[in-house]
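**Q** These are the residues of each chain, in order.
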Amino acid sequence: MKTYNIIFAGVGGQGVITAAQLLARAALSAGLDIRLYGNYGMAQRGGSVSAHLRLAQKVLNARIEKGQAHLLIGLELLETVRQSPLLAKGARVLTHDAVINPAGKMLKGIDAKLKAHLEEFFPGASVFNAVKLAGNAGGRGINAVLLGAASATDGFPVKPVNIETCIREDFGDKAGPVLEAFARGRGLKGK
Amino acid sequence: MPSEPFLDSGGKRVLLLGNEAIARGLIEGGLDAAAAYPGTPSTEIMETLIKARERYGHYIEWSTNEKVATEVAISAAICGLRASVSMKGVGTNVAAEPLQAFTYMGTVGGFVFITADDPSMNSSHNEQDNRYFAREAYLPTFEPADCSEGKEVARRALLLSEEWHQPVMVRTTTIVGHSSGPVVLGEVTKRERKGVFPRNPQRWTNLPQNARRMRLELIERMASIQEKVEAVEFNSVSGSGSIGYIASGAAYPVLAEALSVLGVVKESRVLKLGTPYPLPNKMVSRLLNSCEKVLVVEELEPFVEDQVAALAHRLNSKAGVSGKQFIPLAGELSVGRVAQGIRAFLGENDEAAAVPSEVERKALELAPPRPPVLCAGCSHRNVFYAMNRVEKSLGKDRMVIKPSDIGCYTLGYQPPLNAVDSNFCMGAGLGTSSGFSRFSGQKVIATIGDSTFYHAGIPPLLNAVMNNADIVLALLDNGTTAMTGHQPHPGVGKRADGGPAGKVEIEKMVRACGVANIDIVAGWDIGALTKAFESAVNRKGVSVVIARQRCVLLVLRERRAAGRKGSVCSVEADKCKGCFICIGKFGCPAMRPAGKKMEIDPEACAGCGACLDEGICPEHAIAGERGGLEK
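Read top to bottom, the protein sequences are chains A and B. For the first sequence, this note's numbering assigns the number 1 to the initial residue and increments by one for each residue that follows. For the second sequence, this note's numbering assigns the number 1 to the initial residue and increments by one for each residue that follows.
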């Protein structure tokens, strides 16, 4: 298997690294080698947060180069666009459509421009409201919806059952709504 | 399954962060005692050791600073125990003196000094390459190539230090400590942990008469270690081509991928280096003898390159040695940067400098930077805002110099506050203040946090008093070491694992330093802060304003745990005229524009009520509870 490269993008506090770790553990339990590199340290104070996740039989280096990622999982639209140069041509983009303004900035009409950017360079990018699909699972549900949607894409190297097992491990008796959000994300296939 | 994978049993393959892997390696190596001062990207090493303490029984402490942490670990090693001390790269500067003394003496128990260097300055203020410090101090150095290797490197380093009777360094970089990968756990054996001080004043007292002898013994010890590093398993050669490569630490996986991407693995012979000091000279010599030319690939300085070039010269080697001629000096290495260097090294016509792609150019245009900001409800913002207000009231020709220090409050540099004029290193804000005030004749208001004050702020405060400085110190007391994740400090009254500890109250400490003028003000109360700064700048001598409010993240965490909802502030829309002065001058991240009016995000607002201050909203349109955070 060729190395499969995933970028996670979001804002401090959204659980970007947590979501990436969950998928990394799921991949590990499926027997893959993985490297996960995230920017820790600044995450709490509302800064940009991203994570690089690479999956293969043997991964050499942890960092994903520009133009090399196969998939981007975005929790916020501005951050999705910020990380978009890491994507390869024809890469898949799955992103929550919310825009969080950087502190003190007032960006007018930015949503449309960001969506146009994704459509121009990554036709078929899925930009959708993950909050609606998250249901009772709240903030964590957004991540689960996106992981579900990712797991339904062509060529995604981790089986849904491995991800579901990790969700059960992490959320225990509160896993129900998160698993439902994950399933709704999977249902987005083809959109 | 245990809650933390690094506590799992031997034989398990688990996902670990590089820093967790290093901690686990120390434990598998029989760690007895660990001390540290928090600093990115090293903090998780100690955090992991703290979480593992109950199961494995080693001693742990957050020390007041890196120097003291090193001294505590040294004392454990002298008593025959296995010890580690960890810190961020620049912490090594603070730790340098005891370490330099200790390397002369040699150790009894294993002693690992862990420095987490930060190429690209992801969260540091320089790219200092502590391998130079290692060589200067005679610290044999191990560099893990990646997160997964971190465990074995830490374990072996601890054991080899004991075997070699020499303190050693483990040097990591951000990508090693902060990436995760699979790690196969080893067994942890129980150890008897009774230290014994081996009384021997001639060995542990470095009066010149002893130190001269120690120096000769040190040189001998290092000569023997020089031979032993040849057999260290983290040094290895792969491939049989005639083009040689040497990669040290984190540069190795980048080089391996670059060679693979370029399709030149067959022609290559690669020495993966795990001990950049001392260099395994025989391995390097064999590589030089079997290659036409050699490229040294390493991050930052030409530390290995210079040694290899000197060795090639001594050997009269025909192989040319290159390095920084092709590999950038600044910043982390990437496959792209290394591949470009290799192409040039191989004499291939280098293409024109890479231009940003269209998608990159447009993304940069669309997405403004999102730097970290002071949290909603953080009292540091109020202090800076009050300082700015007092400076303005003094008039144009009475500019107040505002040196700051290391912590969350360095973010006061960012707009709209723009209230940090200078910043150097831990404690230097206060140290430079005395000088700035004396040499410029201007007023100075320095800012320092509580943890940094205990770490390095006390000697400069004493100095200010001793030398009749004319300064104001704003002591931002949020009751924790916030920037690195809320570690305790001497003013907290808690140990690393949450157990009870001695407590040094900050105002008593300030008073004991000889400061007579001390104001203690609630951190949310901008009016009172303003008054305190006003009277302080109009006074001669050293004045301290202690702005006290617990870190908002801690308060909110407690609220959530208790299932409590605090009050929040809100905007009375009919009063708001949409002037946005609040956002433009104060800039709490809970404030946001909503059409032509301002609104406060109830999810983000911590309810501190600082924004009720009359200067922030000229229309008095903000409603809420003053000081509501702790209510």
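A few of these clues could be false.
Mimicking DSSO-like on lysine-lysine, the simulated pairs with C-alpha atoms at most 27 Å apart in a straight line are [what the hints assert, rightly or not]:
1) B/Lys392 / B/Lys362
2) B/Lys266 / A/Lys2
3) A/Lys89 / B/Lys362
4) B/Lys503 / B/Lys51
5) B/Lys494 / B/Lys631
6) B/Lys362 / A/Lys115
7) A/Lys105 / B/Lys324
8) A/Lys66 / B/Lys324
9) A/Lys108 / A/Lys174
10) B/Lys597 / A/Lys108
11) B/Lys392 / B/Lys540
12) A/Lys132 / B/Lys565
13) B/Lys565 / A/Lys108
14) A/Lys159 / B/Lys540
15) B/Lys228 / B/Lys266
16) A/Lys105 / B/Lys575
17) B/Lys51 / A/Lys174
18) B/Lys51 / A/Lys115
19) A/Lys105 / B/Lys266
20) B/Lys596 / A/Lys113
21) B/Lys596 / A/Lys108
22) B/Lys266 / A/Lys58
23) B/Lys531 / B/Lys585
24) B/Lys494 / B/Lys508
25) B/Lys597 / B/Lys577
26) A/Lys66 / B/Lys51
27) A/Lys105 / B/Lys585
28) B/Lys494 / A/Lys105
29) A/Lys66 / B/Lys266
30) B/Lys503 / A/Lys58
31) A/Lys108 / B/Lys585
32) B/Lys51 / A/Lys105
33) A/Lys108 / B/Lys575
34) B/Lys324 / A/Lys2
35) A/Lys108 / B/Lys577
36) A/Lys105 / B/Lys631
37) A/Lys113 / B/Lys597
38) A/Lys174 / B/Lys597
39) A/Lys113 / B/Lys362
To be clear, the hints were calculated from the coordinates, so they are not data collected in a lab. The model shown is predicted, which means the values in this text are computed figures rather than measured ones.
**Q** If a hint holds in the structure, say so; if it doesn't, say that too.
**A** Hints and how they fare:
The straight-line distance between the Cα atoms of B/Lys392 and B/Lys362 is roughly 40 Å, outside the 27 Å bound, and the hint therefore fails. Pair hint B/Lys266 plus A/Lys2 holds up; C-alpha atoms about 20 Å apart against a cutoff of 27 Å. Distance hint between A/Lys89 and B/Lys362 is fulfilled; the C-alpha atoms sit about 15 Å from each other, no more than 27 Å. At roughly 23 Å between alpha-carbon atoms, B/Lys503 and B/Lys51 fall within 27 Å of each other, so this suggested pair holds.
At roughly 23 Å between alpha-carbon atoms, B/Lys494 and B/Lys631 fall within 27 Å of each other, so this suggested pair holds. Distance hint between B/Lys362 and A/Lys115 is fulfilled; the C-alpha atoms sit about 12 Å from each other, no more than 27 Å. Proximity of A/Lys105 to B/Lys324 is assessed by CA-CA distance (about 41 Å); at most 27 Å being required, the pair is judged violated. For the hint linking A/Lys66 to B/Lys324, the alpha-carbon distance of about 23 Å falls within 27 Å, and the restraint holds.
Pair hint A/Lys108 plus A/Lys174 does not hold up; C-alpha atoms about 39 Å apart against a cutoff of 27 Å. Between B/Lys597 and A/Lys108 the alpha-carbon distance is near 14 Å, which keeps this suggested pair within the 27 Å criterion. Under the criterion of a C-alpha separation no larger than 27 Å, the hint pairing B/Lys392 with B/Lys540 is consistent with the structure, at around 20 Å. With a C-alpha separation of about 24 Å, the suggested pairing of A/Lys132 with B/Lys565 holds against the 27 Å cut-off.
The suggested pairing of B/Lys565 with A/Lys108 is violated, with an alpha-carbon distance near 32 Å, which exceeds 27 Å. Taking the CA atoms of A/Lys159 and B/Lys540, the gap is near 70 Å; set against the 27 Å cutoff, the hint is violated. In summary, the hint linking B/Lys228 to B/Lys266 is not supported, as the alpha carbons are separated by about 30 Å, beyond the 27 Å threshold. Taking the CA atoms of A/Lys105 and B/Lys575, the gap is about 22 Å. The hint holds against a cut of 27 Å.
At most 27 Å may separate the alpha-carbon atoms for a hinted pair to count; B/Lys51 and A/Lys174 meet this at roughly 24 Å. Annotation: proposed proximity of B/Lys51 to A/Lys115 is violated, straight-line Cα distance about 44 Å (limit 27 Å). A threshold of 27 Å between alpha carbons decides the hint, and for A/Lys105 with B/Lys266 the separation of about 53 Å lies outside it, so the pair is violated. In summary, the hint linking B/Lys596 to A/Lys113 is supported, as the alpha carbons are separated by about 21 Å, within the 27 Å threshold.
Of the pairs offered as hints, the one joining B/Lys596 and A/Lys108 holds, with about 12 Å between alpha carbons and a cut-off of 27 Å not exceeded. For the given pair, B/Lys266 sits about 19 Å from A/Lys58 by alpha-carbon distance, which is consistent with the 27 Å threshold. The straight-line distance between the Cα atoms of B/Lys531 and B/Lys585 is roughly 19 Å, inside the 27 Å bound, and the hint therefore holds. Between B/Lys494 and B/Lys508, the direct Cα distance comes to roughly 18 Å. Compliance with the 27 Å bound is thereby established for this hinted pair.
For a cut-off of 27 Å, the pair hint linking B/Lys597 to B/Lys577 stands: about 7 Å separates their Cα positions. The straight-line distance between the Cα atoms of A/Lys66 and B/Lys51 is roughly 37 Å, outside the 27 Å bound, and the hint therefore fails. Restraint check: the Cα-Cα separation between A/Lys105 and B/Lys585 comes to about 13 Å, which is no more than 27 Å; the hinted pair holds. Restraint check for B/Lys494 and A/Lys105: not satisfied, since their Cα atoms lie roughly 40 Å apart, outside the 27 Å limit.
Between A/Lys66 and B/Lys266, the direct Cα distance comes to roughly 26 Å. Compliance with the 27 Å bound is thereby established for this hinted pair. Pair hint B/Lys503 plus A/Lys58 does not hold up; C-alpha atoms about 50 Å apart against a cutoff of 27 Å. Taken as a hint, the A/Lys108 and B/Lys585 pair is honoured in the structure, with Cα atoms around 20 Å apart against an allowance of 27 Å. Taken as a hint, the B/Lys51 and A/Lys105 pair is broken in the structure, with Cα atoms around 40 Å apart against an allowance of 27 Å.
Of the pairs offered as hints, the one joining A/Lys108 and B/Lys575 holds, with about 23 Å between alpha carbons and a cut-off of 27 Å not exceeded. Taken as a hint, the B/Lys324 and A/Lys2 pair is broken in the structure, with Cα atoms around 31 Å apart against an allowance of 27 Å. The suggested pairing of A/Lys108 with B/Lys577 holds, with an alpha-carbon distance near 19 Å, which does not exceed 27 Å. Annotation: proposed proximity of A/Lys105 to B/Lys631 is violated, straight-line Cα distance about 31 Å (limit 27 Å).
Among the hinted pairs, A/Lys113 with B/Lys597 is consistent with the structure: their alpha-carbon atoms are about 23 Å apart, no more than 27 Å. A C-alpha spacing of about 40 Å is found between A/Lys174 and B/Lys597, which places the hinted pair above 27 Å, so the restraint is violated. Between A/Lys113 and B/Lys362, the direct Cα distance comes to roughly 10 Å. Compliance with the 27 Å bound is thereby established for this hinted pair.
Hint compliance for this structure: hints 1, 7, 9, 13, 14, 15, 18, 19, 26, 28, 30, 32, 34, 36 and 38 are broken, all remaining hints hold.
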